[in-house]
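J.: So you can see what is in the structure, the chains are spelled out below.
Number of protein chains: 2
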Amino acid sequence: MAKDKKKKSLRPKAIPPKGFRDYFGTDVAERNVMLSQITEVYHRYGFDALETPAVETVEALGKFLPDVERPNEGVFAWQDDDDAWMALRYDLTAPLARVYSQFRNDLPSPYRRYAMGPVWRNEKPGPGRYRQFYQCDADTIGAPSIAADAEICSMLSDTLEAVGILRGDYLVKVNNRKVLNGVLEATGVSDDIKKANVLRTIDKFDKVGIEGVKQLLGAGRLDASGAYIDGVGLSEMQIAPVLAFLTSKGFDASSTISNLRSAVGNSDIGLQGISELEMIGELMEAGGYGADRVEIDPSVVRGLAYYTGPVYEAELTFEILNEKGQRRQFGSVSGGGRYDDLVKRFTGQEVPATGVSIGVDRLLAALREKGRMNNLVKGPVIVTVMDRDRLADYQQMVSELRNAGIRAEMYMGNPKNFGNQLKYADKRSSPVAVIEGGDEKANGLVQIKDLALGARLSAKIETTEEWKSQPAQIEIKRDSLISEVRKMIARSEDAM
Amino acid sequence: MAKDKKKKSLRPKAIPPKGFRDYFGTDVAERNVMLSQITEVYHRYGFDALETPAVETVEALGKFLPDVERPNEGVFAWQDDDDAWMALRYDLTAPLARVYSQFRNDLPSPYRRYAMGPVWRNEKPGPGRYRQFYQCDADTIGAPSIAADAEICSMLSDTLEAVGILRGDYLVKVNNRKVLNGVLEATGVSDDIKKANVLRTIDKFDKVGIEGVKQLLGAGRLDASGAYIDGVGLSEMQIAPVLAFLTSKGFDASSTISNLRSAVGNSDIGLQGISELEMIGELMEAGGYGADRVEIDPSVVRGLAYYTGPVYEAELTFEILNEKGQRRQFGSVSGGGRYDDLVKRFTGQEVPATGVSIGVDRLLAALREKGRMNNLVKGPVIVTVMDRDRLADYQQMVSELRNAGIRAEMYMGNPKNFGNQLKYADKRSSPVAVIEGGDEKANGLVQIKDLALGARLSAKIETTEEWKSQPAQIEIKRDSLISEVRKMIARSEDAM
Chain A
1 MAKDKKKKSL RPKAIPPKGF RDYFGTDVAE RNVMLSQITE VYHRYGFDAL ETPAVETVEA
61 LGKFLPDVER PNEGVFAWQD DDDAWMALRY DLTAPLARVY SQFRNDLPSP YRRYAMGPVW
121 RNEKPGPGRY RQFYQCDADT IGAPSIAADA EICSMLSDTL EAVGILRGDY LVKVNNRKVL
181 NGVLEATGVS DDIKKANVLR TIDKFDKVGI EGVKQLLGAG RLDASGAYID GVGLSEMQIA
241 PVLAFLTSKG FDASSTISNL RSAVGNSDIG LQGISELEMI GELMEAGGYG ADRVEIDPSV
301 VRGLAYYTGP VYEAELTFEI LNEKGQRRQF GSVSGGGRYD DLVKRFTGQE VPATGVSIGV
361 DRLLAALREK GRMNNLVKGP VIVTVMDRDR LADYQQMVSE LRNAGIRAEM YMGNPKNFGN
421 QLKYADKRSS PVAVIEGGDE KANGLVQIKD LALGARLSAK IETTEEWKSQ PAQIEIKRDS
481 LISEVRKMIA RSEDAM
Chain B
497 MAKDKKKKSL RPKAIPPKGF RDYFGTDVAE RNVMLSQITE VYHRYGFDAL ETPAVETVEA
557 LGKFLPDVER PNEGVFAWQD DDDAWMALRY DLTAPLARVY SQFRNDLPSP YRRYAMGPVW
617 RNEKPGPGRY RQFYQCDADT IGAPSIAADA EICSMLSDTL EAVGILRGDY LVKVNNRKVL
677 NGVLEATGVS DDIKKANVLR TIDKFDKVGI EGVKQLLGAG RLDASGAYID GVGLSEMQIA
737 PVLAFLTSKG FDASSTISNL RSAVGNSDIG LQGISELEMI GELMEAGGYG ADRVEIDPSV
797 VRGLAYYTGP VYEAELTFEI LNEKGQRRQF GSVSGGGRYD DLVKRFTGQE VPATGVSIGV
857 DRLLAALREK GRMNNLVKGP VIVTVMDRDR LADYQQMVSE LRNAGIRAEM YMGNPKNFGN
917 QLKYADKRSS PVAVIEGGDE KANGLVQIKD LALGARLSAK IETTEEWKSQ PAQIEIKRDS
977 LISEVRKMIA RSEDAM
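So the sequences go chain by chain: A and B.
Okay, so the first sequence: first residue is 1 according to our numbering, each after it adds one.
Okay, so the second sequence: first residue is 497 according to our numbering, each after it adds one.
By construction, these hints were calculated from the structure, which means they are not laboratory data.
It is possible that some hints are incorrect.
[Said to hold, decoys possible] Pair by pair, the computed Cβ-Cβ distance ranges are: (1) E369/A <-> L695/B: 53 to 61 Å; (2) K923/B <-> D230/A: 56 to 64 Å; (3) D83/A <-> L817/B: 39 to 47 Å; (4) D518/B <-> L166/A: 30 to 38 Å; (5) R368/A <-> R864/B: 37 to 45 Å; (6) T743/B <-> N417/A: 53 to 61 Å; (7) D518/B <-> N417/A: 31 to 39 Å; (8) R864/B <-> G250/A: 52 to 60 Å; (9) K427/A <-> Q845/B: 19 to 27 Å; (10) I970/B <-> G371/A: 28 to 36 Å.
[Claimed, not checked] Here are some chain B residues pointing at chain A (derived, C-beta under 7 Å): (11) A510; (12) P513; (13) R540; (14) G542; (15) E547; (16) V551; (17) E555; (18) V595; (19) N601; (20) P604; (21) P606; (22) S641; (23) N939.
Just so you know, even glycine gets a beta-carbon here, dropped at the ideal spot from N, CA and C.
Based on the sequences and whatever the hints tell you, model everything.
T.: If you want it as structure tokens, here you go:
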């Protein structure tokens, strides 16, 4: 007894590492369907596939996540036999910069590529927060033209519609980092620490509102907990451009543009950013992408420090219930922007680049929420085993069904208890069971059973005799098996 | 200058870790097409998708590769924040055993699952030998019936034909470990070390031939280098069953079976193995899988120690030229077998299992060898930029083409040098270039150019004027752009 216990404790635990999960049947199939729909759009836009390995040198990855300062923070890393550090990729952009640098003499220029696959983050897992998740990216490297950014925004719009998000249920929102820099310039703040504080305060706009931002940029503010938060100490005149920026979104693009213009004043970089935004708007308009699909939104900032120009985000605008039962907008499923410095790390030369990343899991969740992902995987027809000495007969039926393109299998468990065969068929969501006993065999007949209908007619059937008495079951000629099964599947799909 | 050099040396190297590689455009697309063809067959056979994470606990993986004795040998492993060891999966079978153990109460029984994805091996890389590669597996867990093995063999045959291997160009070869154990029993050898030596010698059959095996099992043998290799020391009577086994393959299944019968003598386990082989043959025959697709081949041993019953292998029988220009058979692209002990590690209960793994990269190589993977990825139509102030006009054409389902893009590099635009189109294998200068625009016309035809007509074209003079280029009405481009693409595809 004691020995037995000890043996048990030596057995490995059957669980994945924390923060990792498995995906079964429908989950995998649904994601694959969505990825192939996305691929189709990316391909139509002229983007080529690229698949890099899961593992890169830590050196090539840049040793840290783009928005994390400490080395090795956030990545899974280990040393190779020759002591060189290697790590699992944390996104698809860092490997792209490596590939472009390595093969830039052979690749077309500009290089449009798409990539999809898992990325890994060594972060504390939480509910719905995993350490391995899918990304689906498209980037254009080597195109300085703002047309490349506009193209990605159009593509994002087409992609969302291709996977089943209806027009009106999403918006592609565009902004430009240069406008933000122009606003900073307009404040007249030149001290870098002060600049960073202004940006941090702008990021708090969602939480503290316009009055809160005003106080935080000025003398300071009493927060909800009663603590006094020191302000940045700007004058009212310095604060004005920031407030103008934060409230610049107008009822249409041209009013937003004109508001932004007054926010950036005479700043060259700011005016450049605004003219880029206008250009994006013009190109998208030319392609037929109007205000119902794309808009300028000054609140789009995108966290990553490496963006240098246009930034964009796809937001789903319909509401869902959150964990607390409150209605809220579904929110962002994709984002990206222009990053002109990432390749420079390798080559020393600045290479213009712009690209987008789709959060595959969030987009799938949205489609499920909208009920656009139903019944992708149909259960197989189950050929039951009535007589274990006649497996070859059953095997022949299964082969005929499969050759006709019908998903089918012979029951492979212990055939003794017929009830177990039916329970198995139920668990597999089988549409049809095929039954051939000795009598049927002798007379060239088989029984086929509409299992969905059967389930509705009877909650619990244990014996073959009861089973046969159900009207959902019909007797057919053995040689009409394929056509009769096909009819029954079609009928059962119609009934759903 | 010196400073510059130092700066340069600080730049990261743009290369992947050794033994890892990138896959571009066509490679990725071809593999995806093949994987979806395989998936379709697996699905039709009733198998459900499963995707496990890339990372498992070292405990769950079993700490070592199935055919390697030393811990951590062959896997990429590292310690998590809580010091627990985790590792990249080295195959898709170990994670399946973990999943089945974890979810066995919820999964259907038997559980048929397929999985595809990369696996990682921490081995010394070599030419064509990578440390990350694709596998594509199908397994049935919880089915003791030999019908499950027969089903996998049929499925393997259907899968090869589905991806484009013609009947006659492959054979699914089946053997049974129990027959091998029966042969060992028939020798009368009971000492475990001696048994292992006999098995090792059987594995050398390919190299040393029947006479060599005879000597090595007996007194010993002078090898090619002149060294004397000690023999296992069996008597002639003990050696006889091994020789009978190695030469048992007959001109048809029943003669092979009868030869095997004499090799195993009275061994119960051997006779059981033979009757399992007969059963597989019978079931496959019933499904229509004859000797042109499946055969019993006693030389199939499969390296992994964990196989306990039927083992199978898919061999491509056509010849290719090897690196030295010699003709040789393409060989194995897939293998598997029955392994009844893998789940037991976790649960303590023996669970019957059988499954197959397809070497995706080798199968792709075979299809390329046979020329069955041509032109899967077509280049995009390139809308050239003649006038950089009219990007919106070009963008509009691109959007029209894309909305019509035609792969298309606007040239996004610097448009100044028109020759570069044509070079880009060439690099992208574009079928058609669209050209609209100011004159054309004014007259509602555009030029479209058959690039493949153009390339044949002229090796080097640098200026727009020369370009226009080529007969491969035609002037069309702007509002017939879609239909004319479609016609030109169809013509160019016909010409190939």
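J.: Hints first: check each against the structure and report whether it holds.
T.: Do the hints match the structure? See the list:
As the Cβ distance of E369/A to L695/B is approximately 57 Å, the hint placing it in 53 to 61 Å holds. In this structure the supplied range 56 to 64 Å holds for K923/B paired with D230/A, their Cβ-Cβ distance being about 57 Å. The hinted window of 39 to 47 Å between D83/A and L817/B holds, with their beta carbons roughly 40 Å apart. Separation of D518/B from L166/A is about 37 Å and conforms to the stated range, judged on CB atoms against 30 to 38 Å.
Evaluation of the 37 to 45 Å hint for R368/A and R864/B yields a pass: the beta carbon distance comes to about 38 Å. Restraint check, T743/B to N417/A: a C-beta distance of roughly 45 Å breaks the suggested window 53 to 61 Å. Distance hint for D518/B and N417/A: a CB-CB separation of about 53 Å, inconsistent with the stated range 31 to 39 Å. Checking the proposed 52 to 60 Å range against R864/B and G250/A shows it holds: the Cβ atoms sit about 57 Å from each other.
The hinted range of 19 to 27 Å is satisfied by K427/A and Q845/B, whose Cβ atoms lie roughly 20 Å apart. One distance hint, 28 to 36 Å for the beta-carbon pair I970/B and G371/A, is violated here, with the actual separation near 49 Å. For A510/B, the suggested interface contact is upheld, since its CB lies about 4 Å from the closest CB of chain A, less than 7 Å. Hint status for P513/B: holds, given a least beta-carbon distance of 5 Å to chain A, under 7 Å.
Interface hint at R540/B: satisfied, since its Cβ lies 5 Å from the closest Cβ of chain A, which is below the 7 Å cut-off. Taking 7 Å as the C-beta cut-off, the interface hint given for G542/B holds, the closest approach to chain A being about 3 Å. Contact between E547/B and chain A, as hinted, is supported at the beta carbon level, the nearest pair being about 4 Å apart and thus within 7 Å. This hint holds: V551/B has a C-beta 6 Å from the nearest C-beta of chain A, less than the 7 Å allowed.
With a cut of 7 Å, the hint placing E555/B at the interface with chain A holds, because the nearest CB-to-CB distance is about 4 Å. Annotation: interface hint on V595/B holds; nearest CB of chain A at approximately 6 Å, less than 7 Å. With a least beta-carbon distance of about 12 Å to chain A, the hint placing N601/B at the interface is violated under the 7 Å criterion. Given the 7 Å rule on beta carbons, the hint for P604/B holds: about 4 Å separates it from the nearest Cβ of chain A.
With its C-beta approaching chain A no nearer than about 5 Å, P606/B sits inside the 7 Å limit, and its interface hint holds. At its closest, the beta carbon of S641/B sits 5 Å from a beta carbon of chain A; the interface hint therefore holds under the 7 Å criterion. Because the smallest distance between the Cβ of N939/B and any Cβ of chain A comes to about 20 Å, over 7 Å, the interface hint for this residue is violated.
In this structure, the hints that do not hold are numbers 6, 7, 10, 19, 23, in rising order.
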